Structures are given as C-alpha cells and as structure tokens.
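K.L.:
Single-letter residue listing:
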Amino acid sequence: MSNSVPVQDTSGGRPWPWLNRGWLMALYPLLWMLTWIGIGDPQPQVFGIPLWYLRAGGILLLLIPLNGLVVRLCWPGRSDD
Amino acid sequence: MTETLVSLTTVAVYLLVLAGIGIWSFRHAGTDPVSYFLAGRGLQSWVLTLTMLATLLSAFTFIGIPADGYTHGLGIFLGVGVTDAFISVLFLLLGYRLWLAARQFQFITPSEFFGHRFNSPLLALLYSLSALLFTAPYISIQIIAGARTLSAVLGDGIPYWPLAVVMAVVILAYVWMGGSQAVVWTDVVQGIILVSGMVLAFVAISRQIPADGTVDLHAWLSVPGPTGRWNWQGLLGYQLLIFMAVPLFPQIFQRFYMAKNAQVFKNMMVVWPALIGLVFFPATLIGVWGRLSYPQLERADQIMPLMLQTLPTGISALVIVAVLAALMSTADSQLLTTSSLVTRDIVLRYLNRQLSPAQEQRWGRIVVLVIGLISFAIAIHPPGVIVDIATWSFQGSAMLFPVLVAGLYWRRTSRAGAVAGGLVSSGLTLGWLAGVLPSSWTGGWLPVIPAVVIGTVVLIGVSLCTPPLTAQVAAYGAVWEDGASPAATADTPTATFD
Chain A
14 MSNSVPVQDT SGGRPWPWLN RGWLMALYPL LWMLTWIGIG DPQPQVFGIP
64 LWYLRAGGIL LLLIPLNGLV VRLCWPGRSD D
Chain B
36 MTETLVSLTT VAVYLLVLAG IGIWSFRHAG TDPVSYFLAG RGLQSWVLTL
86 TMLATLLSAF TFIGIPADGY THGLGIFLGV GVTDAFISVL FLLLGYRLWL
136 AARQFQFITP SEFFGHRFNS PLLALLYSLS ALLFTAPYIS IQIIAGARTL
186 SAVLGDGIPY WPLAVVMAVV ILAYVWMGGS QAVVWTDVVQ GIILVSGMVL
236 AFVAISRQIP ADGTVDLHAW LSVPGPTGRW NWQGLLGYQL LIFMAVPLFP
286 QIFQRFYMAK NAQVFKNMMV VWPALIGLVF FPATLIGVWG RLSYPQLERA
336 DQIMPLMLQT LPTGISALVI VAVLAALMST ADSQLLTTSS LVTRDIVLRY
386 LNRQLSPAQE QRWGRIVVLV IGLISFAIAI HPPGVIVDIA TWSFQGSAML
436 FPVLVAGLYW RRTSRAGAVA GGLVSSGLTL GWLAGVLPSS WTGGWLPVIP
486 AVVIGTVVLI GVSLCTPPLT AQVAAYGAVW EDGASPAATA DTPTATFD
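The listed protein sequences derive, respectively, from chains A and B.
All the letters of the first sequence, read from the start, carry residue numbers 14 to 94 under our numbering.
All the letters of the second sequence, read from the start, carry residue numbers 36 to 533 under our numbering.
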C-alpha cells in the first residue's frame, strides 16, 4: 500500500487530495501517544477515577470513528470481496 | 447455603447450554478438516467478532488484570487494554491479507502460511513447536483459574479439584464433539456473557465505593504504580509485546482464516475498540478498588473472586458465569488450534501423508484429548500468578512477528532471511526465558523485545544477501494486489511446500 496515494472514497465519492493514507494511519500512533499524557498524576479525578484513565478510555472510543474512516477510505478495493 | 445453591445452579445451567451446543454441533458439523478446524470458512461479522473477542479474553483478563491492578496499579490498562484496542488496525494490516492468502492457498493452520510463503518446512515447524510449547501452559491457566474462582466463590468446603475436573471435562467434550462449530458458537454465547458480566460487575462494585474512598490509593491510581512495575520501559515493552503477540496467537491467527468475506474484517475493526474498552476499563479499576476491601491479600489472583462475593447473590452468580465464559472460551479455542497444528503440521506432514478427511478429523479429536490431559497435568502445580505465566507465554507468540510482517509486506525477503531471522529471534527469546542467556543482556526489556529487534536485523541482512522467492512473491502479489480468484479448482496450488 503506497502512503503517497491520495485516499479515495471507495463508495464512489470524490478523491480527497488533502488527505492521504499516510496521514490517516499516522493518527494511530498520535492517539496512542495521547494515552500517555498525565499518567503520572492521580489528580484530578472524576468519581474517584483519574482523569488520565478516563481520557485513555475516551481515546479507545475515538478509535471507532477512526477505524470507520480507515475502512471507508483505505481498504484495498477488490472486485471479489 | 442459598447463595451457594443459586451460584451452583447458574453455573450448571451455563455448562448445560455449552454441552447442548456441543451436541448440536456434533450432529450438524461437516467431517472434513475445513469444517472441523475452520467452521467452513464462513463466519459472519458478529460471529467472528464475538469468537475473536471471547478467544482473546481469558483468565488473564478476568483474574489477571484485576490482580495486577491490585498489586501494581492502573498501568496494566495502558499496557494491555489500550494496546488490545489499537490491535484493531491489525485486522486490516495483517488479518485481511492472511485471509486472502488462506482462501487462495487453502491454509488451515497458521504454520502453513509460514511454510508456503517462504517455501520452508523448517519455518512452519518452528511456528508449530513454539505454539505448542507456549500454549499448553496457557490452557492450564484457564482450568486453574476457573477452579479457583468456583472454589473461592462457592465456598462451603467445596474442594478445588473436582471443580477443575468438571470444567476440563465440559471443555473437552464440546470441543471433541463439535470442533470449530461448537467452539465458535459457544464463543458467541460466552462473548455476550463476558462483556455483560464485566459491565455488571463494574456497575455493582462501583456503587459500593465511598465518595472519598480512593484517597489512600494515589500510588495505584497513577503510573508507574506502587511497585514501579509500570515505568516507561515496562509499559512500552508490554505494549510492544501485546501488539506483536496477539495476532500470532495460534487461535487468533487461525480465526483470520474463518471469515466469510472482507466485510467481516471491516465490521470487526470498527466495533472492536468498544468491546475491548467495555472489558478492560472496568477490570483494572475493580482490582485497584479491591485494595479498599482486602488490603493484605497474599495472592492477588484472589481479588476478583473475592470482590464478586461482596455482590448480591444473583449478580455474583452471573458474573461468575462471565468469568468462566472468558476462560473456557479461550481454552477451547487453544485446544482446537493446537490440535490442528499437531494433526496437520506434524502427523500429516511427517508421519502419514495419506490421511483421509475423516481420518484427519479423528486424529484431531485424539490430539484434543491428549493436549487437554497434558494441560490438566500442568495445572496441578501452577508455576506462578496468572499474569506472570501469561507474560511468559505471550513472548513465545511474539518472537516470529518480524517474519510475519516481512512475509506480508516485504517482497525482498528471502527464504534464508526469514529462516535466519526466525531462528535468531526464537533462539534469543527462549535463551533468555530459560535463563541460559544473562538477563542483563536484555537491557531491562522483556526478552522478546531485543530478540525481535536482533532477529529483524538478521532477517533484513540475510535477505539482502540472498535471492528472493520470486515465484512466491508473484503468487502472493497476485492475491493481495491483483485480486486473483479464490481457490476453486484442483489446479490451484494448495498449502504444500517441499
């Protein structure tokens, strides 16, 4: 898979020249790094749960729309799938 | 006594449901190897997702994660839970390509990919043997954890070993009878139960935590935790371990072969992070909160069963079933996959190449029984806490990660490079785990991390000095990039490699 290929909407929409597969896949390590922020401090807390822990859990939920976007825009197009 | 009766009845009903699925599968499943080991390669999205989830989540999740949280704090959520969620991207990067290859070349076992892609029986055997070596102890963990959970929760002097025997017998029975059909459909039931059970446990236990109850738990609520286990090196190393090991777990790897079509991978990739979050987010917190109720536990693995005892009878019974669902769903998948490895990669290849499909299935059933008994024997003297045994086992899976990635993406990989890289990373990992090599040489990392790095360097270096596998590259390129037709005729090259 070439990272420089512009992402195309495999459902038949227009190409997104400003967004290529590489930029989308780069969001994964970026989100992963965000889960490390603030892990050294138990404060502040919400209902007794540290904010960094809640943030990490929230980032897991962010993976859902990201994965959906990757599935829609980056999945290899094949006629026999 | 009433609580014990309710719990026992709930567990009994659950086990009867599993047995019923096993009987149904025995009557309706095909007798050929693809039916027995791969459920006919026809799993739909929700079925594959739930069986993948149930297979992955085990005693390590329900018992080990809370235990680690109890001892070392919340760091394991980052180490395992977050990483397991990010593994969803590997369904596209690894799983989908493996599925395409398996469909084209009719793979049944994971080692058949390694052997065929690199034209190397040695590499295939290396995967099979390492999978057997590192999976058997992991199966024993499930049996032990289940028996301990039942014993701790049921109490009233109910002995431990009969419970272990009951669990082992039920698992063996439906795997033996129904093969992958039974395993997959019991996994669907168990997947629903374990996610629901964990959420239920979290809601019920969190209501018991006083508003300022976590004031004294500051060390557990941050990283690196009270013991310093989750410092940056420990955390990063464990995340790398999980990321590399999970797709190479034989029971996960083989499930990539079972999808009906590409849409299955797409749907699974989207919903996966939510399912992982629903289980791991509460599991770690429950372990840490356990400090408030049981501050001086000698064996941290007891924390989840003990926390369940604080719940109302009906709720605790349901969560007990969820715990059993998690570990039984992993044990049955591991049993079946290791059975396929022994039957196809060792018996069929090295002892008797003339087995009919029915004979192959019969061998598969015999091997299921033998591996089950071996795992039970290992369970008699568990060598450590669940997380420690699992960490050891995971490293055995991760050591061939460079070879897998090279096989899927680097056309320049030669057979010599793949074999050399695989042998070096495996040898180093085993050497460190066995204590043959000085642990100081790992630089403080989990042994498989430097082993994989060095193995990767060797793979690349040797590949660049030796000729690539042009025929395999062309064949796989046709599958992955040009959309070759699925295997449908007798002329299609199958998983043989000489």
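There could be a bad hint or two in this list.
Here are the computed distance ranges between Cβ atoms for each label pair [as the list claims (entries may be wrong)]:
1) T345/B / G90/A: 47 to 55 Å
2) G462/B / P57/A: 44 to 52 Å
3) L82/A / R334/B: 43 to 51 Å
4) L74/A / V41/B: 34 to 42 Å
5) S241/B / G90/A: 44 to 52 Å
6) G71/A / L332/B: 44 to 52 Å
7) G81/A / I244/B: 30 to 38 Å
8) R91/A / I409/B: 38 to 46 Å
Hint data in this document are derived by calculation from the structure and do not stem from the laboratory.
None of the values given here were measured: they were computed from a predicted structure.
Every residue, glycine too, gets a C-beta built ideally from N, C-alpha and C.
K.L.:
Each hint: holds or not?
P.N.:
Against the structure, the hints come out as follows:
Checked against the hint of 47 to 55 Å, the C-beta distance between T345/B and G90/A comes to roughly 53 Å, which is consistent with it. About 48 Å separates the C-beta atoms of G462/B and P57/A, a value consistent with the hinted range of 44 to 52 Å. Checked against the given bound of 43 to 51 Å, the beta carbons of L82/A and R334/B, roughly 45 Å apart, stay inside it. Taken as a hint, the range 34 to 42 Å holds for the pair L74/A and V41/B, whose Cβ atoms sit roughly 35 Å apart.
As the Cβ distance of S241/B to G90/A is approximately 45 Å, the hint placing it in 44 to 52 Å holds. For G71/A and L332/B, the Cβ-Cβ distance of about 31 Å falls outside the hinted range of 44 to 52 Å, so the restraint is violated. The supplied range of 30 to 38 Å is met by G81/A and I244/B, whose beta-carbon atoms lie about 35 Å from each other. Our hint of 38 to 46 Å for R91/A and I409/B holds, since their Cβ atoms are close to 42 Å apart.
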